[in-house]
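2 protein chains.
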Amino acid sequence: MKYLRKINYLILAVLIGFSMTLSSCGGGEQGAKGDIGAPFGDESFKNIVDRRELNADDVLAAAKTYTPDNLSDEFVAMNSGGQAGNMPMYAVPSMRMMKYIPICARQPIAGYGYSMETMKMMEKGFIDGAELFWGDTHHPGYSETNGVYNGKWATVNDKANPRVYIINLQDWELVDVIPHPIFRSDHGGNFFTPNSEYIMEATQYPAPFDHKYYPLSQSNFEKYWRGGLTYWKFDNETGKVDTDNSFTFEFPPYTQDLSDAGKLASDGWGFTNSFCTEMYYGGMESGRPPFEAGCSSKDVDYLHVTNWKKAVELVANGMYEIVNGHKVITIDMAIKNDLFFLIPEPKSPHGVDVDPTGDYIVVAGKLDSHAWVYSFEKIMKAIDDRNFEGVDKYGIPIISLEDALHGSVEVGLGPLHNQYDDELGVIFTSIYVDSRITKWDYIKLEVLDYVPSHYNIGHLVSSHGDTQEPTGDYLIALNKLSIDRFNPVGPLHPQNHQLIDIKGPKMKIIYDLPIPMGEPHYTIMMKKGMFTPISKYDVGTDITTREKSKYYTDLGAEKVSNKGNTVKIFGTIKDGAVTPANIKVTQGQKVFIHLTNHGQAEVDHYVYEISSYDKMYRWRPGETATLEFVAEKSGMYPLLLDEMHHPGNRKLQGYLSVEFNADAESQRLLAFAARVQDDMMMQAFKPSSIELENMLDGEIEYLNHGCNACHRFGEEYNGPDLLMVDKRRNDEWLKSWITDTESHYGEADIEAMRQKYKLAMPNQNVSDEAADKIITFLKLETERVMSELK
Amino acid sequence: MKYLRKINYLILAVLIGFSMTLSSCGGGEQGAKGDIGAPFGDESFKNIVDRRELNADDVLAAAKTYTPDNLSDEFVAMNSGGQAGNMPMYAVPSMRMMKYIPICARQPIAGYGYSMETMKMMEKGFIDGAELFWGDTHHPGYSETNGVYNGKWATVNDKANPRVYIINLQDWELVDVIPHPIFRSDHGGNFFTPNSEYIMEATQYPAPFDHKYYPLSQSNFEKYWRGGLTYWKFDNETGKVDTDNSFTFEFPPYTQDLSDAGKLASDGWGFTNSFCTEMYYGGMESGRPPFEAGCSSKDVDYLHVTNWKKAVELVANGMYEIVNGHKVITIDMAIKNDLFFLIPEPKSPHGVDVDPTGDYIVVAGKLDSHAWVYSFEKIMKAIDDRNFEGVDKYGIPIISLEDALHGSVEVGLGPLHNQYDDELGVIFTSIYVDSRITKWDYIKLEVLDYVPSHYNIGHLVSSHGDTQEPTGDYLIALNKLSIDRFNPVGPLHPQNHQLIDIKGPKMKIIYDLPIPMGEPHYTIMMKKGMFTPISKYDVGTDITTREKSKYYTDLGAEKVSNKGNTVKIFGTIKDGAVTPANIKVTQGQKVFIHLTNHGQAEVDHYVYEISSYDKMYRWRPGETATLEFVAEKSGMYPLLLDEMHHPGNRKLQGYLSVEFNADAESQRLLAFAARVQDDMMMQAFKPSSIELENMLDGEIEYLNHGCNACHRFGEEYNGPDLLMVDKRRNDEWLKSWITDTESHYGEADIEAMRQKYKLAMPNQNVSDEAADKIITFLKLETERVMSELK
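The listed protein sequences derive, respectively, from chains A and B.
Taking this note's numbering, the leading residue of the first sequence gets 1252, the next gets one more, and so forth.
Taking this note's numbering, the leading residue of the second sequence gets 1252, the next gets one more, and so forth.
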């Protein structure tokens, strides 16, 4: 059956014919501009439809999705952002973008990663203490109570850098991030259990849990590489993850994929796919097959079935091993306690989705044209009867397919993911090779309908379609690359989210939404009104903790505190003005600008910026936040307040005056050098092999002032070669250059060197005496090196 | 006149009545689900309109904007991103977002700032050599030939960190960035002259051109602070800015605002507003008025009129001063050569816009309800006649208002910006206090129409509305905060771009587009088909230079090169597979992964990721790019290739194996410490005051191994206090800890300290002999400090 939406039915002509009298209603002073049938001066409906070549389907779809300013949208959809490091949120059915929630990457428009407070939040997500400014977020989940969304929290996993993010649905901002202590990648997350007791996060590509290096070989892979499934203990009231009471099931290195939690009858159990029971790890450069082929040699993979409710009790009683501070249920422990079983599943599966009743589990096997339906009742019977067909290489009992399967249906080539309808038994499956969506009945095992999707569908989502109560209103096809669909704007294509009306028996595509930020993985939709968003914070709130900031400053209590080399400004924002307006510091001082936004109107958003400095942040109504920086550069810098809503859009508040300081200028130049010269910092830390007795006169002064950070004798390094420098410059000039460095800045040859080395020599506060000694050393070392050359 | 769009006219009932027979055309196997008038099983048009409470205007607007998949949009709009650091691009009239062009901030989804090549592009925009990862982009401009868009280049200015960005309209990617050598903020940019000879960039808030510190006072402000207008020489063929042949007009510190280039009759001239001829610089904390008030005490400000064509000739003949390497025409030079004039303009103006004929210049004065229209002919006459009313404080001749003005029109409270229609004389002005758009005639000086906009309008844009040939199709109102308009998702509101149909005599708002990324300033719209986008690059292209990369690697020519501590991988991507798939390095090695994407299909986009490492990038079809990093952490890291379009969506390529190296582990821990302990690096560079003769035994070894970077005697520093460490630990343990550090990792008390100081002590490769000396020093120094305490 071909999908015929482009045919202009007679019926459209009827509509257009009768609507020639339609016009708009904006006022009537002026006459028509020429269109027949446009008495109020606007283009007629007929003319619009003719001009734009719309057909009947287009007009119906337009009416279903166009949302004028007096209406609100029915659903809010929250998306995986993929490598964008944010989570796009749009409204359904108008498909208009409302927000990009910042998660893994800095986002200047929200200020995320630009204040001290939000940077600390980012640092919580650093892995092994190393900076990490990207992510690959995949599967969002909404928190649940009794198996339905409770409107409190959302979560998402970072696949590439395994982390769990928690978002508060009051302000749609991040409240927590938990880097995984033992995984190296994840995929089967994040899914809440029916009362949000736990969040599931399963590995994708296995790696050694201890994070150590092992030579890559099949035996090492099987011995040290592991997958796993973590149940993160979640607090539905605070949105916090209790890492101490969380635990991980150790899995074989089978390359796990998606997971889902049981519901109702199956509550207490978890289901996780795997797609490389072949335990293949690639290696084309050594003549081995590509990864996909290596992982597809067997006919089936294994569905992992875990009993988390029983595991919780046993872990509470001490059944775990500690790996990197984290509780792990080993495979042996799980086997011994009947916590972990395997069932054959279709080749290289992607989605595993428990139905709204909890009685069925549907698995779509990427390399099989069938979706397989498992019966939870049958699975339980096999376990109760201890009816296993054997054990795998790691000793895990395997339930036979025939003992677990309800049945299978041919749904199309490359089935991926499933979502449920409000009608019992009805399921929607994305089919990526055929580029379509199949609607079928997983109880009666028959196909009902299909609709072609754009290229190339991955996940799909129906309204509340992963809960116990799907609403059956909308389905969205999440397509990866929108080739030939929208106006071309260069090689980067947006993704395409296709909105589908599923209220009738036939699915109807009614909107194509390009999203140019992110990659589509999973999306979740929640009815408007199920969550209660706030529009401001109590005055003085640190939004990363949602508590009163200790840097809160009352109006009239603004102050500047100087202590040692640190300046702390406790300031306020009120009615578009920052107090204090002007800030004066000395170069090299550490500066903290703590500002409290006393605005409490919805419009009281302010971006405070220091021109030409790497400092800015956006203050929400009531927020207290901090700019933290070292005033490395001297000069006069405009301080701007961007007051988005104010007619005056006032900007300049005053100037950041940074008084010149020679020592700080030196440090700035050195720090600059450290950035442009990769290895320089390392060099400075290298254990030196200097031995006291062999030192030349002046050498200790030369070293003490760090000259060797930039100079060598006989080679160019981070600065000019010092060999024979005493022949090129006289002692007087050298001494002046060493002790009064800045006075030479601007001289043509010094500027030339500055350009060449991208670095000016800093003033190192060298005493006259030390400078003399250094000059002596320059001569002695030149002599020594020259004599060696002879 | 109230805007009546929400009234349901009888006419709508007529439409709905006649359209009850309308239905869709998707297929016919299944019967209707209950709706009368829906013979093909879909909801009827009447039911949709009833259910969604749409009125006649809504239906017309939906038909005007809904763009089904067989149609393309008519225009592509390019937006300022404000603090988002990107440029959002959407299509008109469907108002769907196509791309966010990365500019000032890193953007992981495009890979911008994540490859060596794109990071180098970002570094070109660093100011004074300091990192700068944000911007506040304001005014995009399209390149022109003969006063109309030529579809080649776009530009935008960064207001807060004065920089000019150039975008190529073939791939819609950045080709150049030029940080301003003397400004500290800009606003009046970026505007092309009619044949793209120059790009105009004017300051906003003045600052000293020499970037030096001067105590803030009125006399210093007037003496050292300066505004300016730069004409950047532009090459219409290469898209490059020729900085050597660019120059800046020195302006008084009047806080300049927007600019525009003359056209036709006025070609060769530039016009720049100013809004603080009061030369006020704030200072509320000293009891002075707020900035806005201080800048509004006078009744008029000055329009700055500059003759750039004549200036070009004079600069070519050596008429300039060099400031920080940049050519500056001083105020005195400009006066002497008749290059620079002032004209009074309405109080605190924002927009200055030359009309399509070049004969009129319209200025909207924020604090005046009138827009003022200047006649270029009159201005020229006054100059030719040397008819001036006097000079300002800096000696610049002032043309009197009556000698320059064509007339003024009361357009509403708070007029801001202007755009032109295809009908001669018709102009659209944004009115922010009244929140509306006024359509008026600037030649006949009469108001024609207005339409209310959402809260709070700033700029506006009409199709080709700033060129010599506006098309008169669409107008977009750029509103800053969409309170109460879209579904609420927390305190952060999107902006709202309202699309207005201007084809008829009455303006009609037909779409509200929320944009949650960026702040609206200016937008420009270009007809589809006027530019020729590419969808791929020649194999081996470095997209930042558009030239063949020297790291290009042919298929089959992949290799790994080891030299010293550096590993270079020359690899390829082809058909979803990276060669080499596995990479083995040693901890501490510097790694360059140069990959060439041999894919040439539109879908051949690949994101290559190193799990749990701060490294990823997105390769476009044909691109060669580099991941550059130090392999700081040992262990096994999955190497993933995200192949967005492929059914297999293959991911794992192999593993990055990083073999443990004790020295590198030490360096990693020290580098980590440097990040968590702000001052530590500085400390390491501080000139030490150690004098040889006073050194204790073992002190030089203690210093040489950097122990003092973390430890003090008698205080906690970056690590534990070493006072009396010899009483807490025996010599044997100390020596083992110093020389065989890693073997103690994992011990409970070591772990506890690691938690406390967020740092483990690194192995410093201390010899046995040196360790003994260090232990001796620990004892001697303890003794010394204790004796001082007595």
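Keep in mind that a hint or two might mislead.
One copy or any two copies: either way a pair holds, since identical chains are not told apart in the list.
Heads up, simulated EDC-like pairs for lysine to aspartate or glutamate below, C-alpha to C-alpha not over 20 Å straight-line [what the hints assert, rightly or not]: (1) Lys1371 / Asp1865; (2) Lys1560 / Glu1640; (3) Lys1986 / Asp1735; (4) Lys1799 / Glu1304; (5) Lys1778 / Asp1735.
Everything labelled a hint here was simulated from the structure, so no lab data went into it.
Status of the hints after comparison with the structure:
1. Lys1371 / Asp1865: Answer is both: 17 Å inside a copy and 17 Å across each meet the 20 Å cutoff.
2. Lys1560 / Glu1640: neither (25 Å within a copy, 89 Å between copies)
3. Lys1986 / Asp1735: neither (68 Å within a copy, 68 Å between copies)
4. Lys1799 / Glu1304: Answer is neither; intra-copy 57 Å and inter-copy 44 Å both fail.
5. Lys1778 / Asp1735: between (32 Å within a copy, 18 Å between copies)
When the structure is compared with the earlier hints, violations turn up for hints 2, 3, 4 and for no others.
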